[in-house]
Amino acid sequence: GAVVSQHPSRVICKSGTSVKIECRSLDFQATTMFWYRQFPKQSLMLMATSNEGSKATYEQGVEKDKFLINHASLTLSTLTVTSAHPEDSSFYICSPGEGANYGYTFGSGTRLTVV
Amino acid sequence: AQSVTQLDSHVSVSEGTPVLLRCNYSSSYSPSLFWYVQHPNKGLQLLLKYTSAATLVKGINGFEAEFKKSETSFHLTKPSAHMSDAAEYFCVVSGGVSGGSNYKLTFGKGTLLTVNP
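Residue numbers (my numbering), protein chains in the order written: chain A, 1 to 115; chain B, 1 to 117.
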């Protein structure tokens, strides 16, 4: 199956700073990247869907100016949490897709703690 | 619209006994259904996926699930639990909407499986 590399696996940052999370598709051309967020003891919620070379589509309630997504190539998508607040502390996970080929692989996740 | 309900938030079994994790779904279109496992602070691993082929789907690690359209269910089973099966399990539906959101995954709230020695 597809191999996805997500990093950092864990990051602690101060309130007001920005954090960038990278998701690389190592052997798969990810025309689409799904970004999910998981709060403690809760399920995953889709935040946004990005397509290579175009703007991301955000789910209702997700601030596009706060969670910047860049999907400039078929192998790399980034999520930047800007002006981070403690309530942004969560587990962020990416998952690549290509047409109907999706849902098979997820990144290992990034544990973000904002202090 | 699509949704998924995992009927049990926590299931506890003894090692060597069968596992049953229940899932019901709602979908306006023919859905794809998935089961994932997540160990603590880890990413998700796909156990199996149903995509309108055989209704009994066999996955990894001895797990299988049966798609029952009449019952809108997709329960996950394993004949004999192993200690390493202890983890969080998510039932997921996709393809239940039209247009660009067709590949959106909608997750259930998860079932925590505990395996007792």
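These aren't lab readings, by the way, just hints derived from the structure by calculation. Certain hints may be false.
[Claimed, not checked] Once the Cα atoms are required to be at most 20 Å apart in a straight line, the calculated SDA-like pairs of lysine to any residue come out as:
#1 K104(B) x K14(A)
#2 K104(B) x L56(B)
#3 K14(A) x F91(A)
#4 K104(B) x M45(A)
[Said to hold, decoys possible] Computed footprint of chain B on chain A, listed as stretches where at least three residues anywhere in the stretch have a Cβ under 8 Å from a Cβ of chain B:
#5 19 to 28
#6 45 to 53
From the three backbone atoms N, C-alpha and C, an ideal C-beta is built for every residue, glycine too.
The hints, checked one at a time:
| no. | hint | verdict |
| --- | --- | --- |
| 1 | K104(B) x K14(A) | violated (32 Å) |
| 2 | K104(B) x L56(B) | violated (23 Å) |
| 3 | K14(A) x F91(A) | holds (17 Å) |
| 4 | K104(B) x M45(A) | holds (10 Å) |
| 5 | 19 to 28 | violated (count 0) |
| 6 | 45 to 53 | holds (count 3) |
This entry does not satisfy hints 1, 2, 5, going by the numbered hints stated previously.
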